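Line by line, the protein sequences are chains A and B. Each step along the first sequence adds one to the number in our numbering, with nothing skipped, and position 133 is 133. Each step along the second sequence adds one to the number in our numbering, with nothing skipped, and position 93 is 93.
Please keep in mind that the hints were generated in silico from the structure rather than gathered at the bench. Please read these numbers as outputs of a predicted model, since none were measured by experiment. All C-beta atoms in this analysis are idealised placements derived from N, C-alpha and C, irrespective of residue type, glycine included. Treat each hint with caution, since some may be false.
Said to hold, decoys possible - To give an idea of the interface, some chain A residues facing chain B are shown, with a C-beta separation under 7 Å as derived from the structure:
(1) Leu-27
(2) Ala-170
(3) Phe-183
Unchecked claim - With a straight-line cut-off of 20 Å between C-alpha atoms, the simulated SDA-like cross-links for lysine to any residue are:
(4) B:Lys-2 / A:Tyr-163
(5) B:Lys-2 / A:Ser-162
(6) A:Lys-2 / A:Glu-102
(7) A:Lys-2 / A:Ala-99
(8) B:Lys-2 / B:Arg-121
(9) B:Lys-2 / B:Ala-125
(10) A:Lys-2 / A:Thr-124
(11) B:Lys-2 / B:Glu-128
(12) A:Lys-2 / B:Ser-162
(13) A:Lys-2 / B:Ala-161
(14) B:Lys-2 / B:Leu-105
(15) A:Lys-2 / A:Thr-118
(16) A:Lys-2 / B:Tyr-163
(17) B:Lys-2 / A:Ala-161
(18) B:Lys-2 / B:Phe-180
(19) A:Lys-2 / A:Asp-151
(20) B:Lys-2 / B:Ser-103
(21) B:Lys-2 / B:Ala-99
2 protein chains.
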Amino acid sequence: MKVWLALVHHPVVDRQGEVITTAVTNLDVHDIARSARTYDLAGYFIVTPIEAQRLLVERILSHWRDGAGARRVPERSEALGRVTIVSSLEEAAAHVEAAAGESPLTVVTSARVSRATTGYRALTAELETRPGLLVFGTGHGLAGSVMAAADRVLAPIQPGASYNHLSVRAAVAITLDRLFGHFD
Amino acid sequence: MKVWLALVHHPVVDRQGEVITTAVTNLDVHDIARSARTYDLAGYFIVTPIEAQRLLVERILSHWRDGAGARRVPERSEALGRVTIVSSLEEAAAHVEAAAGESPLTVVTSARVSRATTGYRALTAELETRPGLLVFGTGHGLAGSVMAAADRVLAPIQPGASYNHLSVRAAVAITLDRLFGHFD
Chain A
1 MKVWLALVHH PVVDRQGEVI TTAVTNLDVH DIARSARTYD LAGYFIVTPI
51 EAQRLLVERI LSHWRDGAGA RRVPERSEAL GRVTIVSSLE EAAAHVEAAA
101 GESPLTVVTS ARVSRATTGY RALTAELETR PGLLVFGTGH GLAGSVMAAA
151 DRVLAPIQPG ASYNHLSVRA AVAITLDRLF GHFD
Chain B
1 MKVWLALVHH PVVDRQGEVI TTAVTNLDVH DIARSARTYD LAGYFIVTPI
51 EAQRLLVERI LSHWRDGAGA RRVPERSEAL GRVTIVSSLE EAAAHVEAAA
101 GESPLTVVTS ARVSRATTGY RALTAELETR PGLLVFGTGH GLAGSVMAAA
151 DRVLAPIQPG ASYNHLSVRA AVAITLDRLF GHFD
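Okay, chain A solo, but in the shape it has when bound (with noise of 0.2 Å):
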């Protein structure tokens, strides 16, 4: 399948609407390594402009891949060997591009709505006929100017629901399973 996802730090968005940065979190890394290389995605970017957290993220890439985590746990090295850090969502489009020979159609998701969006049968079918790439933010949700720049809005997971605060990590493998899963 010629699907990538990434986890972006910035340009996100604060509690008030503010364009901010957040930090990197290993369980960020880890859970939606393991969610991706489950549904067989091809590869999972995280986004920071932060060359200090870039850093630290390959720091723990090495131990899970190379290093001792490796030996000891050979599934989670397996799951992160997909992993690329980027700085830019560009800089990751442009990964995909080179991987895929053509330009992903870029996907972004939000718990709210503000254009038009796309379900998820439909946008299964999309997949299947050129490369896509997810992309989820962290803090608040992704800035408009990521939403806007956007081929394609996924419809909100719970649109209608009282509560609408699930975790990024718990959004990924709701969105990949609905996407991608299969059950009776």
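Chain A is already provided as a structure; the job is to place chain B on it using the hints.
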């Protein structure tokens, strides 16, 4: 909806299949509480026989329910309001019976199939007729004794996948969405 969720820290198994007790992690408390609240479950039990761990979780909960956390992040307070710490799965089932007026259908989950399993759509229909307790294991999964004693074993999430090591946080989110989510 009369459905509860339990996250079990004992009895579960380790990589070698030995029965162990895992440590409660702060993130499992938060992430799963948010997922349970999003899908409007009646409650979320954290099961551990270790008293010091129960006290630790109570302290985390009180920070977010009544303390500084509740003022700063009110939606977190709302999710954690449905969390109860218990010492055993039997105690969780007794709580459900007291609240619902009848004993719950106990449903276990596993990445590995051992007995005949129930599909998601069939379970959704059954849970409309009686209260349910969805049971998830930490570590490498629920002990055989818990699996054997349950009323139903839910089908694994990705039975045919080449990689099947979702985090319990992701597995809970996907399971709740398959049972109670709606999307196009």
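Verification of the hints:
1. Leu-27: Holds - the Cβ of Leu-27 (chain A) comes within 7 Å of chain B, reaching about 6 Å at its closest.
2. Ala-170: Since the shortest Cβ distance to chain B is 4 Å, the answer is holds.
3. Phe-183: 5 Å, holds
4. B:Lys-2 / A:Tyr-163: 17 Å, holds
5. B:Lys-2 / A:Ser-162: Roughly 17 Å separates the two Cα atoms, so the pair holds.
6. A:Lys-2 / A:Glu-102: 11 Å, holds
7. A:Lys-2 / A:Ala-99: 9 Å, holds
8. B:Lys-2 / B:Arg-121: Since the Cα atoms of Lys-2 (chain B) and Arg-121 (chain B) sit roughly 17 Å apart, the hinted pair holds (cutoff 20 Å).
9. B:Lys-2 / B:Ala-125: This hinted pair holds, its Cα atoms lying about 13 Å apart.
10. A:Lys-2 / A:Thr-124: The given pair, whose Cα atoms are some 12 Å apart, holds under the 20 Å limit.
11. B:Lys-2 / B:Glu-128: 8 Å, holds
12. A:Lys-2 / B:Ser-162: 17 Å, holds
13. A:Lys-2 / B:Ala-161: Within the cut-off at roughly 17 Å; holds.
14. B:Lys-2 / B:Leu-105: 11 Å, holds
15. A:Lys-2 / A:Thr-118: Holds. Lys-2 (chain A) to Thr-118 (chain A) sits at ~19 Å (cutoff 20 Å).
16. A:Lys-2 / B:Tyr-163: 17 Å, holds
17. B:Lys-2 / A:Ala-161: 17 Å, holds
18. B:Lys-2 / B:Phe-180: Holds: Lys-2 (chain B) and Phe-180 (chain B) sit about 12 Å apart, inside 20 Å.
19. A:Lys-2 / A:Asp-151: Holds, at roughly 16 Å.
20. B:Lys-2 / B:Ser-103: Holds, at roughly 11 Å.
21. B:Lys-2 / B:Ala-99: 9 Å, holds
Checked against the numbered hints above, the structure violates none of them.
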